[in-house]
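With the hints as your guide, set chain B onto chain A.
Same order as they appear, the protein sequences are chains A and B.
The first sequence stops at residue 372 when you use the working numbering, and every number in between is there.
The second sequence stops at residue 372 when you use the working numbering, and every number in between is there.
Hints may contain errors.
For chains that are exact copies, the list does not tell them apart, and a pair is met inside one copy or across any two.
[As the list claims (entries may be wrong)] Lysine-lysine pairs mimicking BS3-like chemistry, simulated, CA-CA at most 30 Å apart:
1) LYS359 / LYS370
2) LYS76 / LYS228
3) LYS359 / LYS159
4) LYS47 / LYS76
5) LYS228 / LYS118
6) LYS159 / LYS23
7) LYS292 / LYS359
8) LYS159 / LYS118
9) LYS32 / LYS159
10) LYS159 / LYS21
11) LYS354 / LYS292
Hints were generated in silico from the structure; no laboratory data involved.
Values in this document were obtained by computation on a predicted structure and should not be read as measured data.
There are 2 protein chains.
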Amino acid sequence: MDVQIANNELKAKAFLQEIESKNPLFIATIATTETGKIPGLSAAGANPDFTDFTPPADVELLLLGKCRSIQGVPITPDGIPTPGLITTSALHLADIPVLVVNGGVKVKPQIPFVDVGGNSGRDIRTGDSVDNVAEVIERAKVLGEQMAKTADYLVIGESIPGGTTTALGVLTAMGVNAEGKVSSTFPQNPHNQKIEIVRQGLKAAEARFGNFKGDPIKAIAAVGDPMMPALAGLVIGGARQGPVLMAGGTQMTAVLSVINALAPEALCNVAVGTTRWVTQDKMSDICGIIRQFCQVPVIAADLDFGPSQYPGLRIYETGLVKEGVGAGGASIAAMAKTGGAVTKEILLKEIERNYAQLMKLK
Amino acid sequence: MDVQIANNELKAKAFLQEIESKNPLFIATIATTETGKIPGLSAAGANPDFTDFTPPADVELLLLGKCRSIQGVPITPDGIPTPGLITTSALHLADIPVLVVNGGVKVKPQIPFVDVGGNSGRDIRTGDSVDNVAEVIERAKVLGEQMAKTADYLVIGESIPGGTTTALGVLTAMGVNAEGKVSSTFPQNPHNQKIEIVRQGLKAAEARFGNFKGDPIKAIAAVGDPMMPALAGLVIGGARQGPVLMAGGTQMTAVLSVINALAPEALCNVAVGTTRWVTQDKMSDICGIIRQFCQVPVIAADLDFGPSQYPGLRIYETGLVKEGVGAGGASIAAMAKTGGAVTKEILLKEIERNYAQLMKLK
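Same shape as in the complex, but just chain A (with noise of 0.2 Å):
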């Protein structure tokens, strides 16, 4: 198979035999924040007013092989293909079913999906970001264990713009140590420009380094996004009963460090499955965020889209975009469940396929 392993090797392997040739779900998280509108923080969406259309498309996309919300698809500032256009690729390739969870988006799909009690986050500056965290961990639990049940494990990824910053938000709450650690859809990383907004977060909240560190809830509540106790609660219920494969990049540190403080045994049955441009990427860094706290393995899909015939994908291998919408750990379970069937260079066929015809190329 096309991956690579970036952390406990031996964990890693054995949940990538766990997962060899079994049907998964799917499950794609979303929500919005006026955090991700601050300019400068995020590439997902146009501009920054954009970003309130950029994850109800993307779930479209996956459901419909293309998006109602908006004309074509999400792109960059700089016109790059959304990383929906890969998730939908895989999870097309390998026949995955899908579900759609709203954490809390401004702008509704214009597709099915689940309720789980949640609204659009606010400015993390003002402390005070994300309504009704605990009913949000609680519901979304319910679901992801019933949900559980019914596949033979469940990959969970997410759609929000500005993410990293609400991830380092938290993750600096909870006294983990990720400044100039989280990851951006951008090339050249802000982090400073982060870590201010965070320190600007904590201070509306009163709080500093780690105050929350006993208090998730609280720590998303403050300086968190909406995305955060949906998925976190998805993790915990889907893990009672089987593997769950954490589909993204630095931003699932956030949420693994509100799980290790929540439920810690579900850590057990968790691997996080995101893309090569993130684990390889010099300006982040998501094992060391990780190993603070737990030895979750994180497992990249190994894509490489230098061979691509169009700029607009070659374009992903210069670091801009990295990952998104669970592509790299749809990636991984599309690969598994054909048994490698799915390789790399099937995995960007399609992909080409799905992007000059959604780019009208041909």
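Frame of chain A, contents of chain B only:
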């Protein structure tokens, strides 16, 4: 297995064979309407205004084993508990997972539920009772198809007070003779009242018997309810992937008439699963409705509450309640999943246990 076949014996046997020892997903579809509040129509609530709380409370019971939106459990005006108690017991015995779909309710359940774009229904006497019918059908199709990929088959039930009157409405609009044939939660079926309400609704929609035969979407929009488009879409989408057991009584015949007009090929993969109290009811005729337009088999769980130690359960044998929240279909699925190990006696014991606990009898 403790089931009875009510019609189309060979098809029914083939269906039962197909689901034996298989793992289903139970989908509970909920909705409420102003029609359900017309006095004398429905026993699905202690009083008419209370019917808004019955569907959310029913699905809370399924997922949590207790209700959150109300104290205790939904009851009839006489204090008889919801058939959701049967469903909960059956699903629990066979460890069958549950997903809740909101067709359109006024009071949102306090558990995770799927939004398919529907709203609560108006009184059908307006001749304009349901919004977004076509859109809800499309979204539910997408969901049904995805969920059918995760499970071996789908069992799809409903909770909607007043649903047999709207069923009569749609069947009449579709040119199916159902007067005096739809069931009732009351032992004395108020057929004349239902017929008069439907007559008024059709008149307000400027329509007569069979006028919407070619336009089931208009039939639902005029004199139907919001459970119907959600359930029809789920069945159509689900049947593309595998068997679908429609879990309910005569309300399901209205949904069948809609599916028959929209996607008749889906019906090859469909059976109706209900209770003996419905199929043996002298005051309704589920098979007589179905045979007018299709050959879908009807299978009844051979439930028998006669031996119960509780008067509140024995009264089911007098024809009160009869069916609801997919009680019959869930019972059949529990028996089938366990290869008959769940018998009607074992099921009754579990129902009595839950009944005593929820009604605080012990």
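Here is what the structure says about each hint:
1. LYS359 / LYS370: within (16 Å within a copy, 62 Å between copies)
2. LYS76 / LYS228: Intra 37 Å, inter 28 Å, cutoff 30 Å: inter-copy only.
3. LYS359 / LYS159: between (33 Å within a copy, 25 Å between copies)
4. LYS47 / LYS76: within (24 Å within a copy, 41 Å between copies)
5. LYS228 / LYS118: both (26 Å within a copy, 26 Å between copies)
6. LYS159 / LYS23: Answer is both; intra-copy 23 Å and inter-copy 27 Å each pass.
7. LYS292 / LYS359: Classified as within: same-chain Cα gap 28 Å, cross-chain 62 Å, threshold 30 Å.
8. LYS159 / LYS118: both (27 Å within a copy, 25 Å between copies)
9. LYS32 / LYS159: both (13 Å within a copy, 13 Å between copies)
10. LYS159 / LYS21: Classified as both: same-chain Cα gap 23 Å, cross-chain 29 Å, threshold 30 Å.
11. LYS354 / LYS292: Within one copy, since 23 Å is at most 30 Å while 63 Å is not.
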